[in-house]
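Generate the whole structure from the sequences, applying the supplied hints.
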Amino acid sequence: DQQVKQNSPSLSVQEGRISILNCDYTNSMFDYFLWYKKYPAEGPTFLISISSIKDKNEDGRFTVFLNKSAKHLSLHIVPSQPGDSAVYFCAANNNAGNMLTFGGGTRLMVKP
Amino acid sequence: EPEVTQTPSHQVTQMGQEVILRCVPISNHLYFYWYRQILGQKVEFLVSFYNNEISEKSEIFDDQFSVERPDGSNFTLKIRSTKLEDSAMYFCASRKSGVIYEQYFGPGTRLTVT
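Chains A and B supply the protein sequences, listed in that same order. Just so we're aligned, residue 1 is where the first sequence starts under the working numbering, counting upward by one. Just so we're aligned, residue 1001 is where the second sequence starts under the working numbering, counting upward by one.
Quick caveat, the hints were computed from the structure, so don't treat them as lab data. Do not take every clue at face value.
Stated by the list, open to error - If you want a taste of the chain B side facing chain A, the calculated C-beta under 8 Å gives, among others:
hint, residue
1, Ser1055
2, Phe1065
3, Glu1102
4, Phe1105
5, Gly1106
As the list claims (entries may be wrong) - Capping the alpha-carbon separation at 35 Å, the derived lysine-lysine pairs in DSBU-like fashion look like this:
hint, chain 1, residue 1, chain 2, residue 2
6, A, Lys68, B, Lys1078
7, A, Lys37, B, Lys1057
8, A, Lys111, A, Lys68
9, A, Lys5, A, Lys37
10, B, Lys1057, A, Lys54
11, B, Lys1096, A, Lys71
Even for Gly, the Cβ is constructed at its ideal location relative to N, Cα and C.
What follows is the structure, encoded as structure tokens:
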């Protein structure tokens, strides 16, 4: 069951440049999308979210874009910092928030 | 900033034993969740809990699993008779009511079944 997919298992970016993490989904009932960041031996930390009625949401260095027709979302981090190095998960929600369906994660490495 | 806390951080148990994983959700949150992540796999939903009852559960959450909110602060996951394949990180999460769907996760309990 691959309702939420992150096709890139890893991404390496130079400090100061843009990081773009991608996520695709198949279930058209998903109506809310979230990005989480995870360090080893810690729980996922909420970063940013977007409702399906919007196509963009911005919070500081983080921007999430949603393309509903393509069932695709992306997380942009600008500028990238070494402290951003972590695994990033996208997650999707339907049914009034009762469960999140996670992608497999993308490991981001930001090189100084 | 309020956080979800979980105890213990690591639990080792023998196959067939009962384990209880504990969580203290954020105090003004009303929805509570358990997820698990088997090593190398995705984070998977187990169960959601609201108003003192299960609101949704996944196929993984079979009769061996149960949840409870024994008092106003704790939220527990019990596995009655552990199997080797129950070895995973177990995450508790909570969220506010209404249309705020962001779930906040605890640091996890690593369960090792030998």
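Exercise for review: Any hints from earlier that this structure breaks? Give me their numbers in increasing order, please.
Suggested key: 2 and 6
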